[in-house]
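As given, the protein sequences belong to chains A and B, one line each in that order.
Each residue of the first sequence is one higher than the one before, counting from 27 in my numbering.
Each residue of the second sequence is one higher than the one before, counting from 27 in my numbering.
Just so you know, the hints here were simulated from the structure itself, not pulled from any lab data.
One thing to keep in mind: the hints can contain errors.
Said to hold, decoys possible - Now the in silico label distances, taken between C-beta atoms and shown as ranges:
1. A:E335 with B:T98: 37 to 47 Å
2. A:D141 with B:E372: 24 to 34 Å
3. A:G220 with B:P428: 48 to 58 Å
4. A:E401 with B:A261: 33 to 43 Å
5. A:V402 with B:G403: 52 to 62 Å
6. A:E335 with B:T356: 21 to 31 Å
7. A:K394 with B:E35: 42 to 52 Å
8. B:G173 with A:E72: 46 to 56 Å
9. B:A371 with A:E331: 56 to 66 Å
10. B:G403 with A:F396: 32 to 42 Å
11. B:D170 with A:M27: 50 to 60 Å
12. B:A371 with A:P281: 50 to 60 Å
13. A:M193 with B:A261: 39 to 49 Å
Said to hold, decoys possible - Think about it this way: if two alpha-carbon atoms lie no more than 25 Å apart in a straight line, the pair counts; the simulated BS3-like pairs of lysine-lysine are:
14. A:K87 with A:K264
15. A:K87 with A:K189
16. B:K264 with B:K194
17. B:K394 with B:K28
18. B:K394 with A:K194
19. A:K264 with A:K194
20. A:K194 with B:K28
21. B:K87 with B:K194
22. A:K28 with A:K394
23. A:K264 with A:K394
24. B:K194 with A:K394
25. A:K28 with B:K394
Stated by the list, open to error - Under 7 Å between C-beta atoms, here's a sample of chain B residues computed to sit facing chain A:
26. T98
27. G117
28. D328
29. C383
30. C385
31. L388
32. F423
Here the structure is a predicted model, which means the values were calculated and not measured.
Just so it is clear, CB atoms sit at the ideal spot from N, CA and C, and this is done for glycine as well.
Listed here are the chains, written in short residue letters.
Number of protein chains: 2
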Amino acid sequence: MKPIGPIPEGYGVLDGELAVAGVPVSQMGAEAGRTPFFAYSRSLIERRISHLRTSLPDRIKVNYAIKANSYTPLLEFISGLVDGLDIASGGELEMLQQLGIEGQRVSFAGPGKRDAELEAAIAAGVTLNLESENEATRALAIADRIGTTPRLAVRVNPDFELKGSGMKMGGGAKPFGVDAVRVPDLIRTIVDAGCEWRGLHIFTGSQALSAEAIIEAQGNILALADRLAREADIALPKLNMGGGFGIPYFHGDEPLDLDAVGGALSRRLESLPELLSEADFFVELGRYLVGEAGIYVTRVIDRKESHGETYLVTDGGLHHQLAASGNFGTVVRRNYPIAIANRFAEEPAEEVNVVGCLCTPLDRLADKAFLPRAEVGDLVAVFCAGAYGASASPSAFLGQGPAAEVLI
Amino acid sequence: MKPIGPIPEGYGVLDGELAVAGVPVSQMGAEAGRTPFFAYSRSLIERRISHLRTSLPDRIKVNYAIKANSYTPLLEFISGLVDGLDIASGGELEMLQQLGIEGQRVSFAGPGKRDAELEAAIAAGVTLNLESENEATRALAIADRIGTTPRLAVRVNPDFELKGSGMKMGGGAKPFGVDAVRVPDLIRTIVDAGCEWRGLHIFTGSQALSAEAIIEAQGNILALADRLAREADIALPKLNMGGGFGIPYFHGDEPLDLDAVGGALSRRLESLPELLSEADFFVELGRYLVGEAGIYVTRVIDRKESHGETYLVTDGGLHHQLAASGNFGTVVRRNYPIAIANRFAEEPAEEVNVVGCLCTPLDRLADKAFLPRAEVGDLVAVFCAGAYGASASPSAFLGQGPAAEVLI
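Please work from the sequences and hints to get the whole structure.
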């Protein structure tokens with residue numbers, strides 16, 4: 027038997043079924059119209075953001091990194107709850123423009139921005155987090171050509187990392203941002219060129235569960251921002267401190283202690299150095315806002331035995347939930363939290379492998395998991411599916427096509 | 027420095043550029059209209075299939091598993107060169123039907139076939155490779171309801187594996203097929219129910235480069251097929267022996283010795299047991315037919331330095347080439363064959379990291395590769411991109427959208 031990850035807070039039982047905010051999974055399915063589907067909970071997103079607002083100092087603004095989940099209704103909903111939105115491509119900018127979101131609320135990071143993307147962003151008044159000196163030159167030339175003052179920030183490749191993070195974005199050679207040592211010169215160049223100076227973006231890593239590590243990284247970020255501002259001899263109007271707040275996916279993972287992070291940040295903001303004293307401070311979060319608010323639901327098509335093991339074969343799979351299959355940035359496959367959604371009140375009774383419908387051994391949703399006995403037609407829910415699920419999976423693989431999505 | 031994989035045969039230089047069958051990469055790009063793009067070579071596909079035809083005994087038929095690459099023009103082209111087509115979903119059936127391909131040429135394997143998929147396949151005269159007793163029951167009931175005689179084969183979960191294969195599909199508990207020990211009973215059930223009996227499908231693994239391992243697996247497959255036919259007391263009209271023929275991706279990989287495989291198979295077919303003597307024999311190949319015939323081409327957007335390392339940032343990435351990034355079924359990331367396509371005649375001159383445009387450290391196309399010096403605007407080609415590239419990658423990730431595709 028292999029353990030499964032912890033089921034996030036906010037999920038309960040209603041008439042024996044998995045439910046969230048009073049909506050049972052059968053009702054979500056009726057709304058989706060078919061399986062497999064993703065269901066995202068407004069209530070859980072709201073609760074998470076409100077927890078952030080109470081834990082973090084008032085001065086900290088919250089940005090949503092839309093790469094985590096850009097399902098249109100979710101994007102529309104969350105854009106009313108956060109202070110700003112972070113994008114990573116021209117395609118994501120178009121999504122926001124279609125919702126009528128002002129460019130002034132948006133910033134754009136990404137190491138490979140095409141000229142057309144730079145132009146669209148500058149024209150829309152989006153803040154560009156510059157990733158290199160070359161990109162700065164291109165952005166200034168484009169802004170000059172279209173007669174717009176560009177809103178420019180510099181993304182810093184910091185000399186330190188976020189300890190224990192799932193993905194490290196700093197501490198050594200990286201494709202992201204500009205090495206800290208070269209940042210002051212770049213600041214002077216773009217400020218002298220007449221841009222609207224928008225400060226710094228310092229991202230150190232993602233998916234960290236240790237408050238201590240995040241507190242340490244935030245301290246380093248503030249110190250680095252101050253040092254760079256002093257070297258460039260300019261005040262910071264804005265500091266994007268990145269995110270890094272993780273969510274528990276696997277057995278043994280503990281939720282991040284948000285109050286500890288907020289407390290430490292409060293104390294730091296009380297004694298800011300002069301060049302940071304007027305800055306707007308942002309955290310940029312994706313997964314932390316929406317990851318636990320989503321489930322992926324797929325139906326059992328077959329129940330079969332092979333060499334003494336039981337397989338539940340579902341109509342879903344890695345084409346919708348690549349990360350849960352263990353094929354996205356993970357070395358050792360571990361089980362996400364998973365449940366038989368229409369038997370959520372039943373006790374575990376057997377060890378099963380839950381697989382997808384694809385004809386590849388990679389397509390596995392749970393390995394030797396201890397679950398209530400499930401039959402053909404039952405629903406399997408995979409939790410922590412609100413971020414990097416639908417959008418980060420190869421939905422066209424084997425001609426399957428995308429899952430349905432609903433916001434409940 | 028880390029080595030890169032071997033560049034496949036058939037690629038050469040034309041006016042300093044990478045070219046295949048007389049077409050330089052700039053001409054492919056003009057046809058594609060934008061970067062990034064995939065280019066697939068008719069000539070290399072033809073050459074590979076003709077090599078198969080001369081190496082394998084005449085009696086062996088060749089099926090194409092369309093999951094490897096279902097780009098419509100490629101599918102149309104290859105369907106004229108192979109004997110049959112293998113699908114893994116109702117979506118793939120629709121692709122073939124849109125091309126006017128007869129159901130009689132098609133067989134359908136996959137552990138999670140929905141009722142609607144079974145019905146569409148039975149109605150079209152497609153052979154179903156049954157994956158379980160439940161699936162047999164469902165297929166027979168559907169056929170009865172729609173008044174059609176179903177064409178049924180049984181997919182066997184063999185007790186042995188293909189040694190050294192990239193993915194093992196046999197040898198122990200598996201979600202695929204029916205354990206060999208239960209196959210004779212299932213054969214009797216479906217034959218007694220009046221189906222059109224289509225024999226067995228025995229798939230042992232994929233992506234093996236050792237002729238010896240494939241020869242051994244094929245011997246085991248023939249012996250198992252004979253044993254199961256004798257136990258069920260029925261002749262086999264067809265035996266799908268699976269594939270498993272690998273292609274070299276990484277440094278040190280040697281191409282499969284196809285002549286050795288063909289020679290051994292010839293000798294085996296000379297002395298077939300009675301119940302196999304009238305069978306049609308098929309190999310089912312995907313990657314082996316198209317993998318090396320395709321390249322993925324992306325443009326350098328930025329060239330930057332970080333802590334002494336050089337990064338070429340391209341407009342492509344893992345959203346089109348997940349496998350090359352090392353995030354699809356691989357534990358240790360290794361470099362695919364890669365080249366600066368518009369400087370294909372130049373000598374390597376520097377060590378670079380080639381990354382995609384996505385804002386994640388996972389998005390890496392080459393690690394510390396020794397390549398000719400490349401500038402912004404140059405083209406990077408990733409080889410072995412003809413199979414499991416476009417279709418097996420999360421093209422919507424970060425709002426990027428799919429790459430262009432051309433058949434040349």
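Outcome of the hint check:
{"no.": "1", "hint": "A:E335 with B:T98: 37 to 47 Å", "in the structure": "holds, 39 Å"}
{"no.": "2", "hint": "A:D141 with B:E372: 24 to 34 Å", "in the structure": "holds, 26 Å"}
{"no.": "3", "hint": "A:G220 with B:P428: 48 to 58 Å", "in the structure": "violated, 38 Å"}
{"no.": "4", "hint": "A:E401 with B:A261: 33 to 43 Å", "in the structure": "holds, 37 Å"}
{"no.": "5", "hint": "A:V402 with B:G403: 52 to 62 Å", "in the structure": "holds, 56 Å"}
{"no.": "6", "hint": "A:E335 with B:T356: 21 to 31 Å", "in the structure": "holds, 25 Å"}
{"no.": "7", "hint": "A:K394 with B:E35: 42 to 52 Å", "in the structure": "holds, 43 Å"}
{"no.": "8", "hint": "B:G173 with A:E72: 46 to 56 Å", "in the structure": "holds, 54 Å"}
{"no.": "9", "hint": "B:A371 with A:E331: 56 to 66 Å", "in the structure": "holds, 58 Å"}
{"no.": "10", "hint": "B:G403 with A:F396: 32 to 42 Å", "in the structure": "violated, 56 Å"}
{"no.": "11", "hint": "B:D170 with A:M27: 50 to 60 Å", "in the structure": "violated, 40 Å"}
{"no.": "12", "hint": "B:A371 with A:P281: 50 to 60 Å", "in the structure": "holds, 57 Å"}
{"no.": "13", "hint": "A:M193 with B:A261: 39 to 49 Å", "in the structure": "violated, 57 Å"}
{"no.": "14", "hint": "A:K87 with A:K264", "in the structure": "holds, 10 Å"}
{"no.": "15", "hint": "A:K87 with A:K189", "in the structure": "holds, 23 Å"}
{"no.": "16", "hint": "B:K264 with B:K194", "in the structure": "holds, 23 Å"}
{"no.": "17", "hint": "B:K394 with B:K28", "in the structure": "holds, 5 Å"}
{"no.": "18", "hint": "B:K394 with A:K194", "in the structure": "holds, 18 Å"}
{"no.": "19", "hint": "A:K264 with A:K194", "in the structure": "holds, 23 Å"}
{"no.": "20", "hint": "A:K194 with B:K28", "in the structure": "holds, 21 Å"}
{"no.": "21", "hint": "B:K87 with B:K194", "in the structure": "holds, 23 Å"}
{"no.": "22", "hint": "A:K28 with A:K394", "in the structure": "holds, 5 Å"}
{"no.": "23", "hint": "A:K264 with A:K394", "in the structure": "violated, 49 Å"}
{"no.": "24", "hint": "B:K194 with A:K394", "in the structure": "holds, 18 Å"}
{"no.": "25", "hint": "A:K28 with B:K394", "in the structure": "violated, 37 Å"}
{"no.": "26", "hint": "T98", "in the structure": "violated, 12 Å"}
{"no.": "27", "hint": "G117", "in the structure": "holds, 3 Å"}
{"no.": "28", "hint": "D328", "in the structure": "holds, 5 Å"}
{"no.": "29", "hint": "C383", "in the structure": "holds, 3 Å"}
{"no.": "30", "hint": "C385", "in the structure": "holds, 5 Å"}
{"no.": "31", "hint": "L388", "in the structure": "holds, 5 Å"}
{"no.": "32", "hint": "F423", "in the structure": "holds, 5 Å"}
When the structure is compared with the earlier hints, violations turn up for hints 3, 10, 11, 13, 23, 25, 26 and for no others.
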